[in-house]
Amino acid sequence: MSTEIEQRLTEALAAGADAITRSNTSEPTMTDWQPPRTVDRRTDHRRRTPFLLVAAAATIVGAVAALAVFVRPDASRPAAPHHTSTLPSPAPSTSRTAAPNPQPRVVNGIHAPTCVARQTDPVSHVLKQVLTSGVGGSYDFAGLPILSVTTDGDVLAGTVGSKFNPGRLDLIRPNGSRTTLYRASDVPLDSNQNVGVSAAQGDKRWIVFAVSVMQGQGDVVRLGLVDRRSGVVTVFRTLPAFSSTIILPPVLYDGRPYWTEVYSAGTDSVFTYDAVSRRIERLSSGSQLGAPAAIGGGLYWQRDGRVVAYRHGTLPAGFPSSLVKFPPLAGDGKTTVWTTTADPNGRLHVLLELGQAGMATALTLVDSTTADTIVPLAVAGPYVFWNGGTSFTMLDTRTGATAKVGFSDPFSTIAAGGGTLAVNQIGSKGGARLSVARITDLPELTC
Amino acid sequence: MSLVDPHAPTAAESAATGAVTALFTAHRMDLIRLAVFLTDDRALAEDLVQDAFAALHRRWASVREPAAAIGYLRTTVVNGARASYRRKALVRRHLRVAEPDAGPAADYALLLSEEHKAVIEGLRRLPRRQREVLVLRYWSGMSEAEIAATLSISRGTVKSTAARGLDALERALKEDS
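In the order they appear, the protein sequences are chains A and B. Counting from 1, one number per residue, gives the positions in the first sequence under our numbering. Counting from 1001, one number per residue, gives the positions in the second sequence under our numbering.
Please keep in mind that the hints were generated in silico from the structure rather than gathered at the bench. A hint or two may mislead.
[Claimed, not checked] To give an idea of the chain B side of the interface with chain A (calculated C-beta under 7 Å), a few residues:
(1) VAL1036
(2) HIS1116
(3) VAL1119
In this text, all values refer to a predicted model and were calculated from it rather than measured experimentally. For each residue, glycine too, the CB sits at the ideal point set by N, CA and C.
Can you make the complete structure from the sequences, with help from the hints?
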């Protein structure tokens, strides 16, 4: 005989299951199941519709997950059935359908990888050197991941904390001095919730940051701006925790924050905040707006799968222009690297491309058919860093020489800006070591 | 000259596809509900269920008893939910970027009564093992032996974990009321 609590639990689970069925996702339209040849997993969860099963190799799943969105013209549309006899339609896609080879190996004096450098792990070597040289340093800031490096070379790092020890935003100078810019003590929390600074970008004058409350997943609940001259912090956008509104990570462009808000009602908006007038301005509204991105000196976002230029810069040749959201990318304002896919003859290629103003075509740095994850990490002077899934790689574009960087924890990070290279190494027990070096100290890689 | 498609499925592959298709049609939604109860995340739940079916399809040749396939799927979903739990814990410790695009569907809470909402919320706050046992017992309707096999624990542990979970849930509901 069941007790009262058992009965209540059984009823609540039945009601919960019913609500899951009726909530705002739809049933698959297919009546049959067939394994397609490529993984098609969307990353736009906010209006997610069930997608079809895939039976591609398990090793492909994680790698392609981040990239598969490129081959979808509209993430809000229910997935169409796939069939083994025909490949998923690549139409309105920027993924290449022709074979990517042969590719030029040098464009405008920039070299794609051609050889393995004689130097072994030059980043770790330099980081060891800076410990004794006094230029840069290595600091044991446990649990202090890098968010970015400002345009003048200071490191922005954020922590996640509890109700009693809230997360914060710290600025770390290359000499190791650390300043806490903001502490998320103004965010109301339950005892089982965590709060932290989850994104930040800065220039010489301003730093924009996002605060997230985490219980299961993170929701951005605050956007703030730090005036580095006065030290004044202004929280200019506040949401209740677990609001149905979603704020995408903000960017700082030309001294102002820009961000996209996604509403469950279906119309999204892009905003900017003017610190002088203390006003928020709505710049664009639409049904499918992506997060703004500063690329090639301009500011862009995506609307209904097409790139919209708010301020024109120079989009590199070959940069995807008809995606649902921008691909993973990194850049220094002059050079941009990004990932994309190609599917010649039905075989998936994962590509890492480099583009600059004035280049007629993008330069393919990596063309992988093993579906390894490729995540662009940083462009620092002549160096390009990326995470190849099992290792971090650096390329010297002056020579085409590559070297492995001696750590590969997926939560380790490399960021660069203002002539500073910052490396966050996650230890096996969860500790983090932040190391900072000048990019000019890195050696020219030669074969 | 006859044309042969080298990518054409073999007879064994066709049989696997047909069998998994039938399981998919019959059990997909229930498995998604199970995964949502364990992860609070509809999108992640769909991923876990998708991965479970994909894994089953790959291993179909080694499945001796097709009737046991649903147990295999449940276990894969539970293990996937555990892995995602560990990943989230790590991300929280070393948060690099916001993950704003997940969580229960926006209208999920609206579709539940206050009473049911309180119970579901109480369930969410339980330790992972207790939550798993209670969901498998009271949602999936599994026996103690089946839960023990799914979670790779003893029947005694299932029994004690369920009892402790129910006690904790009852206490939490009394405190909230």
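Okay, the hints, checked on the actual structure:
no.	hint	verdict
1	VAL1036	holds (5 Å)
2	HIS1116	holds (4 Å)
3	VAL1119	holds (3 Å)
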